[in-house]
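Asker: Here's the letter readout for the chains.
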Amino acid sequence: MIDVYTELTSIVDKDFVSKNREELYMYGRDPGLMPPHEPDYVVMPSSVEEVQAIIKLASREKIPVVPKGGGLSLTGLVIPQKGGILLDMKKMDKIIEVNESGGYAIVEGGVTHGALKSYLLKHHPELRHSIPDSPPIATVVANAVIHGQGRLTQQHGFNSEMVSGLEVVLPTGEICRIGSCAISPHWFSKGPPMPDLSSLFFGWFGTTGIITKLGIKLYPCKKYRDPMLFLTDKAELVPDIMRRLARTEMIEDLVVTAQPIPLRYRGNFYILFYITGDSDEELEFKRKMCWKALRDYFEKREGGFVSLVPEMKAPMLSMPSKDTTRFADVSKGGGFEYSGPIAPIEKFPVYVKKLADLAEKYNLFYSSAARMIDGGHCMMFSFSYTFNRADPQTMKKAKEALDEAAEFALDNGGVMWKPNLDEQKLTMQKMDPNTLGLMMKIKKLLDPNGIMNPGNWEVSR
Amino acid sequence: MPQLKFDRDKCARCKTVSCLTKCQYIKLDAAAAKKEWQKIINGQESFVLEACTTCYACEEYCPHGNHPFYMLVDRQEEKGILPSPRPIITMWVNQCEPVGKFTVGMLQERALSYCFLHHFNALAHGELFKDLEYSVLFGQEFFCNAVYLHYARTSLIRQRLATVLENIKKQGVKELICLHDECYATYTSLAPAYGIEVPFKPVHYYEYLIERLKALKGRVKPLGLKVAYQRNCSTRLVPHIDNVLDDLLKLIGVERVGRQYDRQNALCCAELIRMGKGPELADDIQKRNLDDMQASNPDYVLFNCPACWDALAEKVAERGLKPIHVIDLCRMAIGEEPALKLQKIETEV
Chain A
1 MIDVYTELTS IVDKDFVSKN REELYMYGRD PGLMPPHEPD YVVMPSSVEE
51 VQAIIKLASR EKIPVVPKGG GLSLTGLVIP QKGGILLDMK KMDKIIEVNE
101 SGGYAIVEGG VTHGALKSYL LKHHPELRHS IPDSPPIATV VANAVIHGQG
151 RLTQQHGFNS EMVSGLEVVL PTGEICRIGS CAISPHWFSK GPPMPDLSSL
201 FFGWFGTTGI ITKLGIKLYP CKKYRDPMLF LTDKAELVPD IMRRLARTEM
251 IEDLVVTAQP IPLRYRGNFY ILFYITGDSD EELEFKRKMC WKALRDYFEK
301 REGGFVSLVP EMKAPMLSMP SKDTTRFADV SKGGGFEYSG PIAPIEKFPV
351 YVKKLADLAE KYNLFYSSAA RMIDGGHCMM FSFSYTFNRA DPQTMKKAKE
401 ALDEAAEFAL DNGGVMWKPN LDEQKLTMQK MDPNTLGLMM KIKKLLDPNG
451 IMNPGNWEVS R
Chain B
1 MPQLKFDRDK CARCKTVSCL TKCQYIKLDA AAAKKEWQKI INGQESFVLE
51 ACTTCYACEE YCPHGNHPFY MLVDRQEEKG ILPSPRPIIT MWVNQCEPVG
101 KFTVGMLQER ALSYCFLHHF NALAHGELFK DLEYSVLFGQ EFFCNAVYLH
151 YARTSLIRQR LATVLENIKK QGVKELICLH DECYATYTSL APAYGIEVPF
201 KPVHYYEYLI ERLKALKGRV KPLGLKVAYQ RNCSTRLVPH IDNVLDDLLK
251 LIGVERVGRQ YDRQNALCCA ELIRMGKGPE LADDIQKRNL DDMQASNPDY
301 VLFNCPACWD ALAEKVAERG LKPIHVIDLC RMAIGEEPAL KLQKIETEV
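So the sequence lines, in the order shown, correspond to chains A and B.
For the first sequence, counting from 1, position 185 maps to 185 in the working numbering; every step adds exactly one.
For the second sequence, counting from 1, position 54 maps to 54 in the working numbering; every step adds exactly one.
Careful, some of the hints might be misleading.
Straight-line Cα separation of at most 25 Å, BS3-like style, residue types lysine-lysine; simulated pairs [what the hints assert, rightly or not]:
id	chain 1	residue 1	chain 2	residue 2
1	B	K341	A	K313
2	A	K223	B	K341
3	A	K117	B	K287
4	A	K292	B	K322
5	B	K344	A	K234
6	B	K39	A	K223
7	A	K222	B	K39
8	B	K315	A	K313
9	B	K287	A	K288
10	B	K39	A	K313
11	A	K90	A	K19
12	B	K341	A	K300
13	B	K322	A	K300
14	B	K79	A	K223
15	B	K39	B	K277
16	B	K287	A	K292
17	A	K399	A	K332
No lab work stands behind these hints: they were computed from the structure.
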């Protein structure tokens with residue numbers, strides 16, 4: 001029987017391999033509500049060759065491997081359900097290239113959104129990427145792997161759709177380039193005009209391979225950015241308001257907030273969106289077009305724009321938003337989790353009603369942020385509830401509320417975003433069996449030994 | 001519920017109907033104004049109820065002190081008229097609701113009221129506020145609620161004011177220095193108009209500053225500056241305070257320049273008008289006001305109300321003018337630095 005620890009230290013500097021209890025404890029859990037399970041080893045590789053060697057070892061010995069970025073999904077996606085090796089990718093933190101004219105960056109698998117933002121601000125201030133509203137330690141790769149959304153999602157779709165190429169270590173140990181970079185030195189496309197193989201790695205939660213490099217598209221960084229806030233007290237008007245604003249093609253991000261506290265939120269839906277421009281004239285034109293789009297709701301007194309003072313604008317302009325963190329401690333104890341279906345925007349009224357009904361049923365604080373995706377083709381609607389980490393009862397109630405929300409969302413046209421294991425099971429039960437069969441075949445083909453993040457996307461036997 | 005003390009006979013005898021004929025937003029001659037006003041008094045429909053921008057100015061225009069604005073707002077509420085979209089009103093109603101969270105400093109019998117405005121955290125310090133700077137009330141438990149005049153909700157003011165007055169009384173405050181004159185106007189105009197007794201002595205901060213500057217006479221150096229004054233809506237409820245400002249400015253050697261939109265002809269900051277009537281009217285008001293400020297060539301544009309500051313200070317600065325708050329001007333006169341600065345917002349992208 002081989003000594004895995006010794007084998008790992010022969011691949012990676014021993015300072016970055018651990019089987020110490022305290023590290024296994026930390027890597028065995030995430031901030032959400034899924035039960036913890038510890039890995040047997042934690043490794044921090046620093047190159048694709050090291051990742052490859054670890055995967056070859058794991059494949060040979062049939063040891064589970066779980067790749068981890070920021071570990072912020074809240075849904076337990078990187079909790080090592082069957083132990084094994086946890087690969088913490090954060091040492092692979094190089095920003096390899098920023099291609100100004102092509103508008104993309106190539107980053108290693110552990111580069112964080114905070115680091116990329118900071119790098120671009122310093123070296124390429126005219127370019128930006130789609131920053132999610134998670135803490136800045138979220139990694140660019142992991143966020144794409146879970147089909148994350150960011151500040152440019154309203155305009156350009158899921159962050160995974162902004163990917164322009166990949167380098168992947170397959171579960172059998174081959175290093176594989178995906179997209180234009182497989183043929184050309186340029187990382188301008190993740191697939192087209194070739195077969196788009198990138199989708200073999202997004203939404204799979206690391207069960208099909210480990211992304212070690214990723215090309216991410218960059219977009220113009222306008223000189224000015226201004227928030228606009230429209231309120232309505234009628235949930236049934238929200239989808240139309242979202243649609244109208246999207247169809248102006250004038251707005252950047254759009255998020256609808258529904259929550260009972262702070263008190264100013266009570267009884268209203270806060271539709272916050274942003275306009276950008278390179279001049280006052282451009283901003284003013286966009287502002288007027290947005291006003292015009294919603295004018296009749298204003299005339300009918302069913303909705304109105306809030307005049308934003310500097311004190312209100314500052315938090316709206318902070319990126320990522322700190323509101324989520326603030327919300328997490330509403331009920332004290334610092335816990336929050338959300339179930340986040342991706343759904344048609346027309347579902348907003350029924351979802352928001354369910355959100356409040358569940359909060360009442362389980363006696364929880366609630367909040368929802370519905371982010372418009374890709375010009376209104378869909379939205380991410382979060383059913384968010386807080387809990388006290390020191391109180392198992394509130395954690396149990398929050399989990400039950402989230403389970404119920406997920407079931408409701410799936411029954412009402414939604415598809416779960418970054419589903420936890422329970423939500424994955426629900427999703428697979430509801431899925432067209434042929435589609436599920438195809439998924440399982442692909443997974444089996446890529447990972448014949450079933451070592452990659454086991455437990456996820458697995459059909460119960 | 002306290003009712004407005006309103007004398008119908010005064011209006012019946014009134015020849016000028018100044019409340020409407022002087023209105024900057026509704027054009028009516030005396031005869032037409034009389035008719036419309038009578039309809040309002042009688043509880044009938046009048047276009048004025050919808051057209052009102054809630055600038056408060058008619059309260060000042062009335063030569064009889066008969067509270068035409070309060071009457072008009074009462075009627076708006078009775079008729080369910082929404083001066084702003086319903087969700088905007090809901091937001092205001094909710095965000096200022098007293099919930100039992102008291103924000104108080106080290107209170108003395110004499111205290112400062114910050115209203116619900118954070119700006120005074122910066123402003124109310126230094127020699128002018130020595131011995132009082134920690135004797136502070138802040139937040140919704142002490143919020144005067146006059147803002148609901150903009151939203152056709154005098155019932156809410158009347159309902160909440162009883163709690164607010166009781167809250168202030170319970171703190172042992174005998175004399176309340178109102179740093180936002182909307183509070184002062186509530187306690188000296190609105191409350192008496194509805195027969196509500198105020199259990200402490202309200203003092204306008206202009207009066208307080210005069211008292212302090214007199215006490216600091218040796219340190220006061222005339223500034224020799226010219227200012228264009230941005231007069232705010234709530235001074236319309238207590239117009240005599242405008243003269244107190246003149247006394248204050250005289251004391252520190254500052255000239256209030258004559259300009260078209262000052263005194264009775266002042267234009268408000270227009271941000272509440274933006275939310276209620278839309279951007280076109282608000283932009284027009286602000287442009288005329290800013291053009292006029294600029295034309296008067298002042299050293300500073302002088303602000304009294306923090307809400308006006310939020311609405312206009314940046315726009316003032318964009319025109320190359322310098323915004324300053326009244327308190328800061330007085331600080332300068334005693335050799336202190338201005339404290340209220342334009343908030344720099346990082347436009348993160």
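Asker: Confirm or reject each hint.
Answerer: Going through the hints against the structure:
{"no.": "1", "hint": "K341(B) <-> K313(A)", "verdict": "16 Å, holds"}
{"no.": "2", "hint": "K223(A) <-> K341(B)", "verdict": "23 Å, holds"}
{"no.": "3", "hint": "K117(A) <-> K287(B)", "verdict": "38 Å, violated"}
{"no.": "4", "hint": "K292(A) <-> K322(B)", "verdict": "33 Å, violated"}
{"no.": "5", "hint": "K344(B) <-> K234(A)", "verdict": "35 Å, violated"}
{"no.": "6", "hint": "K39(B) <-> K223(A)", "verdict": "53 Å, violated"}
{"no.": "7", "hint": "K222(A) <-> K39(B)", "verdict": "53 Å, violated"}
{"no.": "8", "hint": "K315(B) <-> K313(A)", "verdict": "16 Å, holds"}
{"no.": "9", "hint": "K287(B) <-> K288(A)", "verdict": "16 Å, holds"}
{"no.": "10", "hint": "K39(B) <-> K313(A)", "verdict": "43 Å, violated"}
{"no.": "11", "hint": "K90(A) <-> K19(A)", "verdict": "18 Å, holds"}
{"no.": "12", "hint": "K341(B) <-> K300(A)", "verdict": "38 Å, violated"}
{"no.": "13", "hint": "K322(B) <-> K300(A)", "verdict": "39 Å, violated"}
{"no.": "14", "hint": "K79(B) <-> K223(A)", "verdict": "47 Å, violated"}
{"no.": "15", "hint": "K39(B) <-> K277(B)", "verdict": "23 Å, holds"}
{"no.": "16", "hint": "K287(B) <-> K292(A)", "verdict": "21 Å, holds"}
{"no.": "17", "hint": "K399(A) <-> K332(A)", "verdict": "17 Å, holds"}
In terms of the numbered hints stated before, the structure departs from hints 3, 4, 5, 6, 7, 10, 12, 13, 14, listed from lowest to highest.
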